[in-house]
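Top line first, the protein sequences correspond to chains A and B.
Note that the numbering used here has the first sequence beginning at 1, numbered continuously upward.
Note that the numbering used here has the second sequence beginning at 480, numbered continuously upward.
Be a bit skeptical, because a hint or two may be false.
Stated by the list, open to error - BS3-like, lysine-lysine: derived pairs with alpha carbons at most 27 Å apart:
#1 A/K416 - B/K535
#2 A/K295 - B/K560
#3 B/K560 - B/K535
#4 B/K598 - B/K566
#5 B/K560 - A/K416
#6 A/K66 - A/K50
#7 B/K566 - B/K535
#8 B/K598 - B/K543
#9 B/K560 - B/K598
#10 B/K543 - A/K416
#11 B/K543 - B/K560
#12 B/K592 - B/K679
#13 B/K535 - A/K295
#14 B/K566 - B/K543
As the list claims (entries may be wrong) - Residues of chain B placed beyond 12 Å of chain A at every Cβ, according to the derived structure:
#15 D522
#16 V567
#17 R602
#18 L675
Read the hints as simulated data drawn from the structure, not as lab findings.
Every value quoted in this text rests on a predicted model; they were computed, and no experiment measured them.
Quick reminder that beta carbons are idealized off the backbone N, C-alpha and C, glycines included.
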Amino acid sequence: MKAANRSLRWRLLLGSSISTTLILALLGAAIFISVRRSLVAEFDAVSLAKADALATMTERHGRRVKFDSDQSLPEFVSPHRPEYFELRLEDGSPIARSSSLGAVHLSAAPATDAPASADATLPDGRRGRILTLRFTPQTDRDDEDGDDRRAAAPRAAIVMVARGTGPLDATLDRLRWLLLTLVGSAVCLSGLVLVVVVNGALRPMRRVAQEIESFPEENLSRRLDPRGVPAELAPVVDRLNGLLGRLEAAFARERAFTADVAHELRTPLAGLQTTLEVCRTRPRDVETYQATIDKCLAMTAGIRSMVQTLLMLARADAGQLPLQCAAVNLGELVEECWRPFQQRAAGRGLHVELRLAASCIVQRDAELLKIVVNNLFDNAVSYADDGGDVWIRSSSDGGGCAVEVANTGSRVSAEKSAQLFQRFWRGDESRSATGLHCGLGLSLCQRLLCLTGDDIEARSLDGVFSVRLIIARRPRAPT
Amino acid sequence: MRVLVVEDFEPLRESIVQGLREAGYAVDFAADGEVGLWHAQSDEHDVIILDLMLPKVDGWSILKTLRQRRCPAHILVLTAKDTSADKVRGLEFGADDYLVKPFDFAELLARVKALIRRKYEARTTLLRIGDLEVDTSRRAVRRADTPIELSSREYALVEYLAHNANRIVSRSEICEHLYDFNADTESNVVDVFIGLLRKKIERPDRPRLIHTRRGQGYLLGDLGEGR
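With the rest of the complex left out, here is chain B (with noise of 0.2 Å):
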């Protein structure tokens, strides 16, 4: 899941990035609204935290604009703005969520969880694909109730293939989603994780669950395809 995080003051935004790659995500981030804005046209972003006052270009604006271009993104605006009129503003312009400075980081986390839920369209935590379980509130992942250890960038991959549950996902797609914009996107990265995916979640004894479609990507799902 990607994330890009547009805040003005320094410290925060470290902070916030450190927290969200820690987490898990692959997080782009600008310190003023003229590069936060040429982010999120550049890249699918999963959430765009964003602040309101922003050097260059105001957080009001970038809000406008992307909503205007129908971005897909869902954005969180993350603000000391608290009054209930910057909040219903906010929402207006095209927010999907608004947290209030200062916040508990945990809370932050939480909402942007949840505004991936709402992207892929699960109303639940707990994504299930055959006999595969993964839960995005606790990030685990079970097969046939015996869990299954996974780095954050694996676990990143597999809650993104099983939101895409039995679609075809490309690589680039996965790029998009998965690596932020310094990460090197040319090399056969993606073919790497799967590749150790399989390894630990694929068993001799139980369905196949990923799949390889030749020159389109890969499936996540229970085909019925025994090994």
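So that you can see chain A by itself, here it is in the shape it has in the complex (with noise of 0.2 Å):
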């Protein structure tokens, strides 16, 4: 039961039955009440016709008002179903009577002008409808005398016609019966036409949902056929597409970047396994072992390295990397940042520029901020070739500031420049320093500035390779 309220189809059908219901119900009783409206004012315009004849036969003669009818009236005499009339003077005084009355009266309505018809029970027990109509009695011309028509003033009378509804009644009967088997056919018809009608409507809408139900779960890469949808569910076949794109694309760079992830951790793992392995073929000395085990360190920083940055790139990624900005001069922080790479830049012969702005303070978190300077540093002291230069700059002006640092030796195209930021790309395929530069770098780099709304541009040109950052005084809406 709760599942055919759910469905659209029996929510349909059931609204458009019942609409339908009662809008054929109320037009059946409209033509009805108008057919019976009419048939009453047409038997009520008869009763009006003989009261106005019975009226027409009533004289007055002086002070007295005579009834004087010279026809028969044989509708008031017939023994089978009769009619009757009363007439009588406003007071009350009796005029004259139709003998189908015998000793009963009839009640009148409320004497008006216009006439009144009321249903009403006739004497012998029959359905019937009294006319009343009030008058004034004309004068007998043959009976006319100055002085009496002087001494009496005209006095009012009241005609009754009751006559029996049967006839009436049986047509109404008849139309009541006719109207109710036209009301129910027309709603059965209707109600089957309906559930064609809605079947074929909603019959889009099942297979839309019988596409979407075939679609396996493990293949996003199927679309909706958005031919012939249609109009009120091609938005939705068209956002659901639309959806299942960025769903694809959602899951595709989740897979890739797993895969990734795995990918950089096989060649360290393999580098662990393989030198626990052979060191444990055989006997060793004491610094053999020594050795192998800071080797085997080494490797667990490379890879610790590797996972810290991951999850760093996870958090910031969902937002769980809380910011505590305060004053920071972008030059002291560089500087400071710099002082663990001396030794390194020194050691491979790097010559380097370091040329500061004197004051640039910016609202930033200063721990991203020097993951930030680190890796470029890294990456700088890394990539250079031997020998070669290495250039770190800071300036600043009314907007923000601007950190460069840039690099001779690089072998990354002018093309590939737009790839830098890429998660795990590297300008060539080399893990020669896996964990520690697994092409994560730059795509934290850029990551940690968008929580601020700052910009990191990178490019390479002519073997010189630079990082500038732009950071506003302020921080930004994340970008």
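Two chains, each in its own frame: build the complex with the hints.
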């Protein structure tokens, strides 16, 4: 039952059936009332004509009012289903009455100038209607007497005509049954038509539902066929296809990311496993064991670094990286970050030029900025050619500050600069320092800067690789 | 037997090289594709262990180049790429074997041995020359059911000679297969090891197995020559 309640088909059928039944019933009732009213009006018109005739036959003779009938008026004397009339003065004095009445009196409606009709039970027990007409009897010209005419004031009289409504009731009964039959048949027929129409109208929806049901869970490349879809469903299909597209892309990104993570971990894990297995093949001296442990620890550090970077990226993506912004002097921060890299740079014979703006204050999370700057320094010192150049510059203007780190010896082509921020992307496919440079550094920098609405640009031109951070004075909305 | 290891991740490369050397192989190594290709083309290796993602020249290109130039070495691709598509591509490019990282070193060693057997068309791990048995899986040598203790270099020499049984093998061939790039092959080290092998293998009461062919090299085989 609940399923039926939720079914659009049932709701449509039920709603349409109820409304159709109501409309047809109201229509039938309106027809019946209208026909009945007009038949009753016709019936009353006949009664009025008879009452008028009776009034015409009533004349005033001096002070007396007489009913002068020179016609037989057979309907009022018929022994079978007779009609009735009664004439009396307004004060109740009788003038005349039909013989069919016998001793019974007709009850008059309140006297008004307009004829009044009402349903009533006839003296013989039949259903009927009584028409009451107020009139002033005409003076008989042959009997005019000047003195009498002056002396007698006109006196109003009432004529009541009662007639049986048997034929009228029979006609109305037939009409009632006819209408009931018609309305019932129309309801049944419209119900059948509705079933066919609703089923037909819902067919595209069922097709779409079946199509969606047939989609394999593991395959998001399928799309709904928009052909033949009604206009009302077209936006739904459109949106669903769009949603499927976005889902597919998101799953593909996630799969690629997971595969990349697994892939990146394989090589250092292989290094760890092989180092330990080879070491275990035979007894070794203490120094060898020590060296093996150191080697394994270095590899573990690489793996840990990669896992930390991945975690930070995941937290940044999920908006779970809390920012603690405070005033940071960018020049001082850059200088502080550079110190630990000096020895490595000197070891590789790099020529380093450090040109920092004196005052460059921004409201930022200093720890996150350090992660970004350290990444840039690590890349520059690692990827610059032996004896090459490294430039570190910071500048400031009214809008904010910029930090640029550049190095010679870039092997990244200018065309591939756009890919630099893709996760796990590297200039070549080498994993020579797996764990330390696994192609996540620049992605992480970009993601962290996005949290405060800052920009990062990278380019490789004529063997010089440069990264530029553009940091506004105050944090902006995440991009 | 001489193996070339081309792997850019230093700790892994070092461990593979150490493990193979300790197993008695002569091992050359390279940290990038350029040097790896140069080694593979300059010297004759029995097996090349090749990573695919390498700096300068990637493993796919090395594989393609070596197969185009009909390099006789058997190539084992050792990579983190684990999809079926990668494996199919690697084998179609001419790799003889494909091993995904991380791996058991024992498995790598077993695969290297299997590739060497294939290279010398030995279907069994037990090579028999007269009453001399060389068990390449256990790296054990017996003569007339008596085990013979050999150093790893001596074993490598006897295994190489056994793979080339009844064929004259020149000194330079032996050097090519038993000594890596860094060894001093100018000296008479081959003659010294042949001398050591003779002392351990030859018996007064058994037919001679190691024969010297003056100016040509050495031959391992039972030619029916008594002592």
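Hints and how they fare:
For the proposed pair A/K416 and B/K535, the alpha carbon gap of about 16 Å is at most 27 Å, so the pair holds. In summary, the hint linking A/K295 to B/K560 is supported, as the alpha carbons are separated by about 24 Å, within the 27 Å threshold. The suggested pairing of B/K560 with B/K535 holds, with an alpha-carbon distance near 18 Å, which does not exceed 27 Å. Restraint check for B/K598 and B/K566: satisfied, since their Cα atoms lie roughly 21 Å apart, inside the 27 Å limit.
Note on B/K560 and A/K416: the hinted pairing holds, with a Cα-Cα distance of about 23 Å set against a maximum of 27 Å. Among the hinted pairs, A/K66 with A/K50 is consistent with the structure: their alpha-carbon atoms are about 17 Å apart, no more than 27 Å. Pair hint B/K566 plus B/K535 holds up; C-alpha atoms about 22 Å apart against a cutoff of 27 Å. Distance restraint check for B/K598 and B/K543: the Cα-Cα separation of roughly 19 Å lies within the 27 Å cut-off, and the hinted pair is therefore satisfied.
Restraint check: the Cα-Cα separation between B/K560 and B/K598 comes to about 26 Å, which is no more than 27 Å; the hinted pair holds. For the proposed pair B/K543 and A/K416, the alpha carbon gap of about 25 Å is at most 27 Å, so the pair holds. Restraint check for B/K543 and B/K560: satisfied, since their Cα atoms lie roughly 17 Å apart, inside the 27 Å limit. A threshold of 27 Å between alpha carbons decides the hint, and for B/K592 with B/K679 the separation of about 24 Å falls inside it, so the pair holds.
Proposed proximity of B/K535 and A/K295 is supported: the alpha carbons are some 25 Å apart, at most 27 Å. For the hint linking B/K566 to B/K543, the alpha-carbon distance of about 15 Å falls within 27 Å, and the restraint holds. Annotated as non-interface, B/D522 keeps its C-beta farther than 12 Å from every C-beta of chain A; the closest such distance is 23 Å. At the 12 Å boundary, the C-beta of B/V567 stays outside the reach of chain A, the nearest C-beta of that chain being 17 Å off.
Separation of B/R602 from chain A is adequate, the least Cβ-Cβ distance of about 28 Å exceeding the 12 Å criterion. The claim that B/L675 lies off the interface holds: its Cβ sits roughly 22 Å from the closest Cβ of chain A, which is beyond the 12 Å cut-off.
Comparing the model with each numbered hint stated earlier shows that all of them hold.
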